[in-house]
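K.L.:
In my numbering, the protein residues as written are -5 to 554.
The reader is advised that the hints may include incorrect statements.
To be verified - Derived Cβ-Cβ restraints for the label pairs, each shown as a range:
1. P398 - E423: 15 to 25 Å
2. G535 - K259: 48 to 58 Å
3. P398 - E370: 32 to 42 Å
4. D272 - L31: 40 to 50 Å
5. T488 - E281: 53 to 63 Å
6. N257 - S187: 20 to 30 Å
7. D392 - M278: 42 to 52 Å
8. D420 - L547: 28 to 38 Å
9. D321 - R225: 50 to 60 Å
10. L35 - G276: 39 to 49 Å
11. E26 - P299: 21 to 31 Å
12. M278 - E3: 23 to 33 Å
13. Y30 - D392: 46 to 56 Å
Said to hold, decoys possible - Here are the simulated DSS-like pairs of lysine-lysine, each with C-alpha atoms no more than 30 Å apart in a straight line:
14. K277 - K267
15. K406 - K309
16. K470 - K259
17. K232 - K546
18. K353 - K275
19. K83 - K353
20. K353 - K2
21. K405 - K431
22. K309 - K44
23. K228 - K275
Bear in mind the hints are in silico, worked out from the structure with no lab data behind them. All C-beta atoms, glycine included, are put in the ideal place defined by N, C-alpha and C.
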Amino acid sequence: MMKKPNVKEMTIREKVGQCVCIRQYDLLQKTEVDEYLPRPLEERDEILQKNPYGVLWCAGNQNLKNINMSEKNYGNYKVTSDEYREWIKGLNKNWEIPGLMATDAESSGAGTIFSDLTIVGSGLSIGAANSEELSYELGVAVGKELRCAGINWRWAPVADLPSRFSMSCMRPFSLNPDQLVRLASAHIKGMQSVGVAATLKHFPGSDGYEYRDSHFTNAALNISMEEWWERQRKVFQKLIDSGAYSVMIAHETFESADDTMVNGKLIPSTLSKKIITDLLKGKMGFEGVVITDAVGMAGLQACYPYQQLLVELIKAGNDVLLGTGLDAVDILEQAVLNGELPEERVDDACRRVLEMKEKLGLFDEDYRIDEYRACEVTPRTREVDNLISEKSITLIRDKQNRLPFDKNQVKKVSVICSTHDDTFMDRMEVLKAELEKMGMEVRMQRRLSSFEEIQEINQNSDLILYAAYLAPHRPKGAMSFYDEECQTFGFAFTEGNEKSVGVSFGYPYIFYDFMGNADICVNAYSTSDATIKAFAKTLFGDLPMDGVSPVKLNPDRRVF
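From just these sequences and the hints, can you work out the full model?
P.N.:
See below:
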């Protein structure tokens, strides 16, 4: 393993290369006449040898050998951690400086992208369990699993305090600032203790009112500097002080901090020197790596053409550009040579990236990419996830104190599912199987269509479960029920309310928006196996509903 390079001895190309995070699929495929084609291995290696990229955006849920980038197939394939680790070894052979291998795996763990690793509960599950010890242990466990695949940089945890209407509302551990800091600090320490860098995102945070999604449009942080300083700044400052190695910048405007306009529009935080260099790195004293959110998001696209955009992002203070094209090294190198991009800024960015690689041990002689194996670490991940899941199930209300139900009195169960995500129906098979293990006959269906239908269900059921699921980008768009899925709640709870339970396995405000007529409501936060099984047990008193709600149970209704 090479020693840590001296920035002063590096070429301009080597230095700007450390600032670039390319997309995995650009290495795997190329476009010719609107057709996606596999990129030959020799061509891939030639690109890597020419371009000393510092970071790869890893996505294990893509076939590494047979590339089909159609919408139907994209992301629907999972490789094993062993396959992916060996693939990464092949990439690193082309670079003199070892790369950072980065991924989101933010809320549900490494199993979302690797077939032999563990899908865990959501961030809100950790909040509801409300245990710093378990948050730390899950950070360790997920970190080890990511290391199994060769990954050493995780873009998590979320430090925002968003609106309940925001696409980020399910991503932090809690919307209570103090609880978020406690749990996220522990998680960060756990993750970084096993050689995976943590990332605080998305600086400068949220105002608690914005609901727009910067993946698709411009978003804004509309509060005063004084309010931000007391609210969001405290969260980021405390988590920075706890030792987080990196911070991700949001594509949202923050007029109170920077009212600069380009092309008639306020610039997003990712393009703001005042926010990144002066505020985050200056006043807040952050010495680690600053990375943009993905450069292809709509919230960043209005200000500059692509080539100028990359240059302006580095000038603003970003150290790594997330998700550039393969040409980014050429663009940044030329900008330095032309005097458009100060070399001193590149030196600082490169130094920060190399220092983070050093913290992760990438320059140590005994560093091993294969230090952990899935068969050795996944049992502990499942154990920790089970403990969190069992502590996370949250009783929102039980007006008549009917819980727990008596197993001996429940022979027939009807599960009525409401969702716009077809995969949720597959997840509910886990609930069906768990109830059947208890000796119950289970009928499961999607939606209600009439009062007569719920009358018939009531007559033939001892227990009725209304299982609902909404989540960010499942599908893309505002989180709510529409058309037939929404109409279900016009019939729900009108018959058999005394033996009915409304449960959300995702968005924690479904009880407020759609289940006002339910006597019993529960938040479960996740569709993981462990969560679903824990919920089934709580219905009959095999587990207590000890979850502490990480969101307001009487949410703010004012949006502006």
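K.L.:
Give a verdict on every hint.
P.N.:
Do the hints match the structure? See the list:
Separation of P398 from E423 is about 23 Å and conforms to the stated range, judged on CB atoms against 15 to 25 Å. Checked against the hint of 48 to 58 Å, the pair G535 and K259 passes, with Cβ atoms roughly 57 Å apart. At about 37 Å, the beta-carbon gap between P398 and E370 stays in the expected band of 32 to 42 Å. Judged by the Cβ atoms, the range 40 to 50 Å given for D272 and L31 holds: they are separated by roughly 45 Å.
Range check, T488 to E281: about 59 Å between beta-carbon atoms, so the 53 to 63 Å window is met. Roughly 45 Å separates the CB atoms of N257 and S187, a value that falls outside the hinted 20 to 30 Å. Our hint of 42 to 52 Å for D392 and M278 holds, since their Cβ atoms are close to 44 Å apart. At roughly 30 Å, the beta carbons of D420 and L547 sit within the given window of 28 to 38 Å.
In this structure, D321 and R225 break the distance hint of 50 to 60 Å, their C-beta atoms being roughly 40 Å apart. For the pair L35 and G276, the beta carbons lie near 45 Å from each other, so the given range of 39 to 49 Å is met. Checked against the hint of 21 to 31 Å, the C-beta distance between E26 and P299 comes to roughly 24 Å, which is consistent with it. Against the hinted window of 23 to 33 Å, the Cβ-Cβ separation of M278 and E3 comes to about 31 Å, which satisfies the hint.
A hinted range of 46 to 56 Å holds for the C-beta pair Y30 and D392, which are about 53 Å apart. Simply put, K277 and K267 have alpha-carbon atoms about 13 Å apart, close enough for the 30 Å limit, and the pair holds. Pair hint K406 plus K309 does not hold up; C-alpha atoms about 64 Å apart against a cutoff of 30 Å. Of the pairs offered as hints, the one joining K470 and K259 holds, with about 25 Å between alpha carbons and a cut-off of 30 Å not exceeded.
For the hint linking K232 to K546, the alpha-carbon distance of about 22 Å falls within 30 Å, and the restraint holds. A C-alpha spacing of about 19 Å is found between K353 and K275, which places the hinted pair at or below 30 Å, so the restraint holds. A hinted pair counts as satisfied when its Cα atoms are at most 30 Å apart, and K83 with K353 qualifies at roughly 20 Å. Taking the CA atoms of K353 and K2, the gap is about 20 Å. The hint holds against a cut of 30 Å.
About 12 Å separates the Cα atoms of K405 and K431, which keeps this hinted pair within 30 Å; it holds. Taking the CA atoms of K309 and K44, the gap is about 24 Å. The hint holds against a cut of 30 Å. Restraint check for K228 and K275: satisfied, since their Cα atoms lie roughly 15 Å apart, inside the 30 Å limit.
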